[in-house]
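Chains as they are written, first to last, in the working numbering: chain H, 135 to 416; chain B, 200 to 553; chain V, 17 to 275.
In case anyone wonders, no lab produced these hints; they're calculated from the structure.
Be a bit skeptical, because a hint or two may be false.
[As the list claims (entries may be wrong)] Covered by chain H, per the in silico footprint, the following chain V stretches (three or more residues, Cβ under 8 Å): (1) 37-46; (2) 54-65; (3) 159-168; (4) 221-235.
Note that the coordinates shown come from a computational prediction; the quantities given were computed from them, not determined experimentally.
Note that the Cβ used here is the ideal one computed from N, Cα and C, for glycine as well.
Each chain, letter by letter, is given below.
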Amino acid sequence: MKRMKLLAYPYSVWMAIFIVVPLFLVLLYSFTEGNIHNLTELRFSTKGYERVLEPLYLKVIMNSFVLAAISTLCCLVLGYPVAMIVSKANPKVRGMLVMFLIVPMWMNFLLRTYAWMSILSPNGFLNRVLELVGLPRLEIMPGKTAVLLGMIYNFLPFMILPIYTVLSKIDKSVIEAANDLGANKIKTFMRVILPLSIPGVVSGITMVFLPAVSTFVISGLLGGGKTPLIGDLIEQQFMWEGNWHFGSSLSIILMVMILISMAIMSRLDRNGQQEDKNPVKM
Amino acid sequence: MKKILASVIVAAILISMAFSLSGCGEEQVVLNVFNWGEYIDESLLDEFEKQTGIKINYKTYDTNETMLAKLEAGGSSYDVVFPSDYAVSEMIRKDMLLPLDFENIPNYKYVDERLKNLEYDPENKYSVPYFWGTIGILYNKNMVDDPVDTWDILWNPKYAGQILMKKDVRDAMGASLKRLGYSMNSTNDEELKQAQQALLEQKKIVTGYYGDEIKDMIANGDAAMGLTYSGDFMDLYWDESADFSHIGFGIPKEGTNLWFDCMVIPKSCKHKKEAEMFINFMLDPEISYQNSIAVGYTSPNVEALNRIRQEMPEVFELPAFWPDDSILENSDVYVDLGDYKSVYNQLWTEVLVD
Amino acid sequence: MKKAVVRIYMGLIFLFLYAPIITLIAFSFNKSKSRGQWGGFTLDWYAELFKDRLITEALYYTILIAVLATLISTIVGTISAIGIHYMRGFSKNLVLNINNLPVLNPDIVTGVALMTLFISAGMKLGFVTMLIAHVLFCIPYVILAVLPKLRQLNRHIAEAAMDLGATPGYALRKVILPEIRPGIVSGALMAFTLSIDDFVISFFTAGNEVSNLSILIYSMAKRGVKPSINALSTLMFVTVVILLLIINKKSEKGEELLL
């Protein structure tokens, strides 16, 4: 069985070339100033980092983390029941349900976000409908609520899918055994189903939280750019201002902060890892 | 299920092979043209190919900066690009452009004399204007009862929560500078500080900072007014399917920005002669006319404009299409700010982040 | 009662997921180019779609790249996930963290960094570089989708198979793969979703020869996205739904389910 880990080696080489080397490039830009397209013209500088550490930008990073955390939590709370319902559905419709959960994401992201703008904007469809039935208007766009909604919308399938895949194969006999032993439904869920689904939850959180922290466009379009997120700020540096140095410093800091929070999370994930602690030798 | 999957894959591979085969065999000049999206009458590309036998590989970009980043990085060549004024001067400064051979562009004589030798390309060696216009205030006549002829209206607390600001450093800073009576290309720290202060002040009454979406949001009644390009108004004006008579466009009397999108040949160009042929083709009065009608923006081509004036004199009543000479006199063309670019950027980022 | 709650909940979730899709489809029939006004019903945008040389070309590359990137990243990702699963300690943590980098990095950073890498390696930007980039950001999701299934896997099954004389390769194919299949399929689905929708990374790695729908759509933003793009999305959506229904019909007749 030990030899199985050899299977990861080709990918490790691939990662070294296409992930680690570019990472060093970004690191290089973050510590320099001057013409990025000519390595000989680069000069060492910590200006980028000094600027990142201004309270102004730290606040943006904090905001992004908080918003990403809230949207991850919402995705989990909304998505877990969906994954459970789908996993319990008739096997004949299961695959269909999963497909229909992800198909909306195949439409272009910008078009979908524009569509949300048309729905949520001050004079949008939602408000017109509300007005028609005599309810008060909702003033959520531009604003944080709309950004949150947009984030949940875009990331929800990435939470549902991994949870669904682990739930779909939990041994029915385990649940039956729990029931036979007198556990009620809540107890069975808390003691049996939830712990068994933790690996899926961890993957889901990873796939939602990480991209959510650095998301952009959503916050620009649905939030009106008044409280920009770190992703917007980084995009702004590269796409509009041509300041790759500051953009790189921002993203390195972001990366470090995310990795730290991931390390904390993997501590919490120890339970799920337990079985790995006594590897079977072969 | 497996069979279906397999057949989909086989079909994809077959189609891809068919496509790649069709491209082989001929030794043909291919001109790489890189333009803003939706910024040309695409039938003109076919027309050019038919006339000259040169094939056009047409690709699009979304901002001057992304285009610049790609060109500077190298790795792929482009023959004709369409940067805006300040990007032209930045490209000249960075030595990214080839001087044009005007012998090959005889149609240059149709370009309005007033639009030649502008600050971004003082001797007019590298660029030819493609479209031009102004920035101003797009507004909903039902929601605004004051005259829209001053930048001050974007700072008027009466319209708090009804104002959309452009999420663009040059346009936002420019409007603020102009309102205070300074140049849009100011490199005076005190003036810039004041302009930033004004933008911070304005943030309290601004609904949101948007880019190209302002046009649709104003049309939808989401806000009363917003800072936009003249072209945004023209887009709504030409749209015959819906009634946009309640939408107006005002150019502030303090003066505004005159923008130019230009045609240039970058250094990575492999077919300069053909590129100049293409530029000449686009300046042909007939082609220019057709393109201007299709895109809806103001052409720099005098002959084309004359024809539009004969056919649709009412268009020339619109400040968005044909601004007053008095406005042009007060207005600035953006130039490359050089090292000051980063100062502008920092001030603007602080406004957004605050 | 419980069934009703479940139905209502799923109904609301699907409403949430499909509200923008319905809006988007509605706009494809709007005569006006502006999203701000309804200019009357028209099918013109559908007709215009087939005349547009840029759209057909971009559509072709979008689908080709998405299919290839999904295939490659699913195969490589699954194999690597199995390898990673059997790794231990520090090296496992390191590999997993590096694997997360493309997920957590803003697209723009991945995009410009890859572009710089390709150019300094002397590669010509084009189809191949764009494909590499897509495979790059898809694999981590496949791995993240497959790993939980591996952790769920009963270790002893594979051992038992090998005790009974199966080679590791045989055990892998006949024992492990079938068990983790739902993870592989959902990984592939996510890879396809990410690839078909990517703008920033594609823009910087595509060069002058290839383009995809996202690049086309984002670059239209300055002038307003043409409703023919909405028409195209509508057609794509309808095609996918029809395909799904056909597959569903087939699988009802007893073919195995992948998910």
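A quick look at each hint next to the structure:
1. 37-46: With 4 residues closer than 8 Å to chain H, the segment 37-46 of chain V meets the three-residue bar; holds.
2. 54-65: violated (count 0)
3. 159-168: holds (count 7)
4. 221-235: holds (count 4)
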